[in-house]
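Line by line, the protein sequences give chains Z and F. The first sequence: position 17 = 17 (our numbering), numbered continuously. One rule links them: number in our numbering = place in the second sequence (from 1) + 1000.
The reader is advised that the hints may include incorrect statements.
Said to hold, decoys possible - Taking CB as the label site, the calculated pair distances span:
| id | chain 1 | residue 1 | chain 2 | residue 2 | range |
| --- | --- | --- | --- | --- | --- |
| 1 | Z | K23 | F | Q1036 | 15 to 21 Å |
| 2 | F | V1197 | Z | A13 | 37 to 43 Å |
| 3 | F | I1171 | Z | V187 | 52 to 58 Å |
| 4 | F | K1023 | Z | T134 | 34 to 40 Å |
| 5 | F | K1023 | Z | D179 | 22 to 28 Å |
| 6 | F | E1002 | Z | I171 | 17 to 23 Å |
| 7 | Z | G117 | F | K1023 | 53 to 59 Å |
| 8 | Z | V197 | F | E1039 | 49 to 55 Å |
| 9 | F | K1035 | Z | L181 | 35 to 41 Å |
| 10 | Z | E39 | F | K1023 | 18 to 24 Å |
| 11 | Z | T134 | F | E1002 | 24 to 30 Å |
| 12 | F | G1119 | Z | A176 | 46 to 52 Å |
| 13 | F | D1054 | Z | T98 | 45 to 51 Å |
Hint data in this document are derived by calculation from the structure and do not stem from the laboratory. Glycine included, each C-beta is placed from N, C-alpha and C at the ideal position.
There are 2 protein chains.
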Amino acid sequence: MEMSSKLLEKAVAEISQLPGIGKRTALRLALHLLKQPTEQTQMLAKALQSMREDIKFCTQCHNIADTDTCEICANPLRDRSVICVVEDIRDVMAIENTNLFRGIYHVLGGKISPIDGVGPGQLTIASLVDKVKTGTVKELIFALSPTMEGDTTNFYIYRQIKDTGIITSAIARGIAVGDELEFADEVTLGRSILHRVPFENSLAK
Amino acid sequence: MEMSSKLLEKAVAEISQLPGIGKRTALRLALHLLKQPTEQTQMLAKALQSMREDIKFCTQCHNIADTDTCEICANPLRDRSVICVVEDIRDVMAIENTNLFRGIYHVLGGKISPIDGVGPGQLTIASLVDKVKTGTVKELIFALSPTMEGDTTNFYIYRQIKDTGIITSAIARGIAVGDELEFADEVTLGRSILHRVPFENSLAK
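Taking the hints into account, I'd like the entire structure generated from these sequences.
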């Protein structure tokens, strides 16, 4: 698309580098910003820059933080003996939203995926194994997505820590609350029967 | 959504001000930037800022430009006696892409829409009327979207310039090339019969 302004062209090119945003959407966003007060664009640009430059990763769990230790790891009320292993900080937010977990997290930064060129070395697996080996951890909960890559990653970690004798668990896989049984895939349905729970425990709290 | 970083929260809040981008998408974009080299975010932020601060609007046609006069208005080969009236600079790009128009444009900056609080005063109608009254313009082509607001805007302008005696035309409304007749709405189909063209003119060039 030929544009009458190189400045606009440059902005559209940069915006369309973002995932899921094509040239047309980028142009729409750029034109939107041009119609708004200059301050909006300035605030957006500044927020992006300070986020990228000043954000820290928690030295304990690799969660995103504004200080060296994230709020969760710094909270004395959290149970440090239970670690929930997740792919991404979005998963931390999702689990925190449930208000049902009082342990701490370990953010891997992804999962092992040879197709995407992600090997164990690019994830924070080594620091997790070190943490487990200090002996203060009692349970590791694997909360990765139930995909082949998630299972591979779980198993890769499991092999390295199974000799320590800590409890390892994985989040339950089954029919989502509110879903119709007939639409569930057979693997999920099969597992939900295999891993059935006592009825009194199954009721929504 | 509670986030472990105020910097991230601020960035997500700013990104989600953009039209069509919700909190979840904004978070996904912010986390993407955090995974990329710092330079990408810096370049994005700078491109947005310089676009917003340095872009100009053509003093002739209100198209976006890097100089006071846009490339189209500055081009001596364009026919200054034919003005195509459009809502938006995106429409200029779309018509330029056809390579079939050699006149110049006038960008209104929107269309009259009382529901959205846009009156004639917020559009560049006055400068268009002035331009027509100088006497150098022979034809005005209305190329607004065929909606009620588009028609209202066309008619509002038409009333102010009809006494000058210049030719006024509107882009053809009809069945889109490649569309199936049976799926066309009846108003469009009706017009396409009413405004039929000589067969020899109807063939794709």
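Consistency of the hints with the structure:
1. Remark: the range hint 15 to 21 Å for Z/K23 to F/Q1036 is upheld by a beta-carbon distance near 19 Å.
2. Against the hinted window of 37 to 43 Å, the Cβ-Cβ separation of F/V1197 and Z/A13 comes to about 40 Å, which satisfies the hint.
3. Between F/I1171 and Z/V187 the Cβ separation comes to about 55 Å, which falls inside the hinted range of 52 to 58 Å.
4. For F/K1023 and Z/T134, the hinted distance range of 34 to 40 Å is satisfied, since their beta carbons lie about 37 Å from each other.
5. Range check, F/K1023 to Z/D179: about 24 Å between beta-carbon atoms, so the 22 to 28 Å window is met.
6. For F/E1002 and Z/I171, the hinted distance range of 17 to 23 Å is satisfied, since their beta carbons lie about 20 Å from each other.
7. Checked against the hint of 53 to 59 Å, the pair Z/G117 and F/K1023 fails, with Cβ atoms roughly 30 Å apart.
8. The hinted range of 49 to 55 Å is satisfied by Z/V197 and F/E1039, whose Cβ atoms lie roughly 50 Å apart.
9. At about 38 Å, the beta-carbon gap between F/K1035 and Z/L181 stays in the expected band of 35 to 41 Å.
10. Between Z/E39 and F/K1023 the C-beta distance comes to about 21 Å, which sits within the given range of 18 to 24 Å.
11. Restraint check, Z/T134 to F/E1002: a C-beta distance of roughly 29 Å satisfies the suggested window 24 to 30 Å.
12. A hinted range of 46 to 52 Å holds for the C-beta pair F/G1119 and Z/A176, which are about 50 Å apart.
13. Separated by about 47 Å at the C-beta atoms, F/D1054 and Z/T98 satisfy the suggested range of 45 to 51 Å.
Comparing the model with each earlier hint shows a violation of hint 7 alone; every other hint is respected.
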